[in-house]
Amino acid sequence: MVDFSLWDILRNLLLAARWTVLLSLIAFVGGTVVGLALLVARIAKLRGADVLVGAYVQLFQGTPLLMQLFLAYFGLGLLGINVSPWVAAALALTLYTSAFLTEIWRGCVAAVAKGQWEASSALALNLREQLVHVIGPQALRVAIPPTVGFLVQVIKGTALASVIGFIEMTKAATMITNATFKPFTVYACVALMYFVLCYPISAWSKSLENKLHGHR
Amino acid sequence: MATAETIVKIAGLRKCYGPNEVLKGIDLDVQRGEVIAIIGKSGSGKSTLLRCVNGLETFDEGALTVDGQPLRHGDARAMRALRQHVGMIFQSFNLFPHLSVGRNVMLAPTLVKKTGSGETIEQARQLLARVGLADKFDAQPDQLSGGQQQRVAIARALAMQPAVLLCDEITSALDPELVGEVLRVVESLAEEGMTLLMVTHEMSFARKVSDRVVFMHAGRIHEIGPPDAVFGAPQTAELKQFLSALDS
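Line by line, the protein sequences give chains A and B. Under numbering that gives the first Met the number 0, the first residue of the first sequence carries the number 0, and numbering increases by one thereafter. Under numbering that gives the first Met the number 0, the first residue of the second sequence carries the number 0, and numbering increases by one thereafter.
Because the hints were derived from the structure by calculation, they are not lab data. Predicted, not measured: the structure shown is a model, and the values here were computed from it. Any given hint might turn out to be false.
What the hints assert, rightly or not - Quick look at which bits of chain A chain B covers, simulated, 3 or more residues with Cβ under 8 angstroms:
#1 79-87
#2 122-132
Stated by the list, open to error - Computed far set for chain A versus chain B, every beta-carbon distance over 10 angstroms:
#3 Arg10
#4 Ala16
#5 Leu51
#6 Leu58
#7 Met66
#8 Phe69
#9 Leu70
#10 Phe73
#11 Ala118
#12 Pro136
#13 Phe183
#14 Tyr198
#15 Trp203
#16 Lys210
What the hints assert, rightly or not - Which chain B residues stay away from chain A? Per the calculated CB distances, all over 12 angstroms, these:
#17 Thr64
#18 Pro96
#19 Ala107
#20 Gln125
#21 Phe136
#22 Leu165
#23 Ser187
Glycine included, C-beta positions come from ideal geometry on N, C-alpha and C.
One chain only, chain B, in its complex shape (with noise of 0.2 angstroms):
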C-alpha cells in the first residue's frame, strides 16, 4: 500500500470483566482500504476487540483513534461524532422490526446527518439496490429472509458513509444456504476499497479477502499476517491448534 493512511490506530487497549482481563494489550493499525480479518476461539476477545472500535464497550487502558478521533467515552458529543465514521453489522442483524426495510435505511440519515428527504430517499433506494434488495424498500423487516435482513442492515450502515465497517460474525445466525449472498456484498464492499475490520468464522472467505489476519488468543493478538502466512504456515502452536480443529 503506497499511500498508507492509518485509519484505525489501536495502542495499549486493556479490558477486565471483573477480575478476568479479556483484552492483555492490544495493539493494531489498520489503514484505509485494508480488510482484516479477525479470528480465534470464542472467548478470545475478538469481538469485545470489535466492539471497542466503536464504543459498544468501554476499555479501561489504552487508546483508540478513528480518522484521527480519539475514542472518549461519556462524552456524548465526541461519541456521536466518532460513530459516524463507524458502521457496524451484527450477528443477528437488529434491523428495527417497526420500520419498513426503507425507513430502517433512512433513520440515521435524517436523524443524525439532517441531509433531506429527497436525497435520502434516492439514496437509500441506491444502497438497496447495490445490496440486490431494489424491491424491498417497502417491506417490513420480518417478511424478508436472514440473508435479505443482514443485507438491508449493510445497506443501513453504508447509509451513513462509515469510513470504516465492522463486521462482527454476521453471517453466523444464518442458514447456511444463506451466507453466499451476504458474504457477496461483503466481498463487493472490500473490492470497491472499503476499510472492514470482520471477526468471522468463514476462514476460507477470510483468506480470500482479507489483506491481513489477526489471529487473537487469551485476549492478545497472537499472530498477523497476510492470510496466506496465517493459514499456509502458522508460527506457533495454538494457531496451529486452532485451524486444525477447524478442519476436523
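Chain A on its own, in the form it takes in the complex (with noise of 0.2 angstroms):
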C-alpha cells in the first residue's frame, strides 16, 4: 500500500485551496456588481424595482444555498442548457451573494440620515452625484463589518459546490481521504485552511472598521 505523508496531503489540498479562493473571489465580485446594480435600481425607485428586488432577495435568502447550486447546475441542465459545474457553482453563488449583499447595502443607506439627501438635494446635487460624494461614504463607513462578515460566509459556502463535482476544497478532501483512509488529519487540514482564509478578513474588517471610525 501506498503511504501518503502529511505534506503529500496539504500539498493536495493547497492545490485544490486555488479554486475555493477564485470562486469566492468569482461570486464576491459579481455579487458585488449584481447587489449594487439592484441597490441603485431600489433607490432610484425605478418602476416595480422594489417589488421584484425584494421578491429575489426573498427568494435566495428563503431556499438554502445547496439547493441554489443543485438547481443551477441540474435546472440548466433540464433547460437543455449544459452547464460545467464551475459555471453552475459561480453563477448560483453570485446570485445569492448579490442577494444577500444588496439586502445588507439596502440597510447601510437607510441607515444615512434622512437630512443628509434633504441638504443635497438641496444643494442642486442629482441622484448619482448624491450617492457617490454624500450618501455612499458614509453608507460605506456602516457597510464594512457585514459586508466583510457575508464575505466569510460566502467563503465557507463554496464549500457546497462539492456537492455538484466542483473539485475545490472540501472536494478534494473527500477524494483525499478515499485515497489515504485518514479522515481526521485530512478534515483537519482543511478546517485549518478554512481558517487561515478567512481569519484574516475579518481581522482586516476590524482594522478597516477602527480605522474609518477613528477618522471621524
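Join the two chains into one complex using the hints; note that each chain is given alone, in its own frame.
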C-alpha cells in the first residue's frame, strides 16, 4: 500500500484551495456588481424595482444555498443548457451573494440620516452625485463589517459546491480521504485552511472599521 | 420697494397627507430682497410650505415659480436648475460629516456649477470668513459647536449663490447662548439684500429683521403684514392667542 505523507495531503489540498479562492472571488465580485445594480435600481425608485428586488432577495434568502446549487446545475441541464460545475457554481454563488449584499447595503443606506439626502438635494446634486459624494461614503462606513462578515460566509459557502462535483477544497478532501483513509487528519487540515483564509479577512474588517471610525 | 420684482410666486398651493390637508390654498408673492418670517403653531404647515419652495415636499395643486422658473416635480433637470436658485438651511444643520468644513462648502459648486478648483477654494474661504469661521477650513464638522456648524451650513448654501434662502427653524436645535451668533449672520445677509424666507420661533428677531410676517394657522395664511402690524395690532383671535401664549 502506498503511504501518504502529511505533505502529500497538504500539497493536494493547497492545489484545490486555489479553486476555493477563485470561486469566492468570482462570487464576491459578481455579487457586488449585481447587488449594487439592484440597490441603485431600488434607490432610484425604478418602476417595480422595489417589489422585484424584494422578491429576489426573499427567494435567495429563503432557500438553502445547496438547493440553489442543485437547481443551477441540474435545472439548467433540464433546460437543455449544458453547464459545467464551474459555471453552475459561479452563477449560483454570484446570485446568492448579490441577494444578500443588496439587502445588507440597503440597510446601510437607510442608516444614513434623512437630512443628508435633503441637504444634498437642496444643493441641487443629482442622484448619482448624492450617492457618490454624500450617501455612499457614509453608508460605506457602516457597510464594511457586515459586508466582510458575509464575505467569510461566502468562502465557507463554496464548500457546498463540492456536491455538484466542483473540485474545491472540500471535494478534494473527500477524494484524498478515500485514498488515504485518514479522514481526521485530512479534514483537520481543511478546517485549518478555511480558518487561514477567513481569519485575516475578519481581522482586516476590524482594522478598517477602527480606522474609519477613528477618522470621524 | 420701488423696483418690485417677484422672485417667488406661490399660487393656490394645496397639499394633503392622506386625508389630512396641511396646506389649504396658499398664495404668496415674495419680492427680491424681501425678508419674510413665517410664524405659527407647530402643525400649522409653515415648514411644509417652506419645503415646497425647493421641492423637498411635493404639492398636489397650485403653482410655484422661483425666479420665473416653474417648479416641476419629476423633472430632474428642471428641479436641478431651480434648486440652484434656492438655498436652504436646516434645523439640524445637516453638514456632511465625512467631509471637512471647506469641502462641505465646495462640494456643490464643484459638482453642479463645475467651477474650477482654485476659484471654489477662494470662494469657500471668503464665505467662511464672512460667517466668522475663516480658521475652520480644515476642521471636521463634529469638531465644531452647533452655532459654528450652522454658520458653515449658511456658507455652504451661499456658495451656490442662491437668489432665495430658506431658513427652517435654524436656531431651534441650538443652545441658547449660540443662537445670537447665527442670527447675526442671518441679519447681515438681510442687510445685504438677500431674499429670505424663514420659519422661526425667534419673535423678536422676526420683528426686527423681517419686512413682512406671515402667520399661518391650520394650513392657511391667516394674517400677513409688516411686523409692527402683525405683532403690534393682531387682527384675529388666533394670532392674538398665539402671541399671548408666547409671552406667558
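| query | Of the hints stated earlier, which fail here? | reply | Hint check: 1, 11, 12, 18, 19, 22 fail, others pass.
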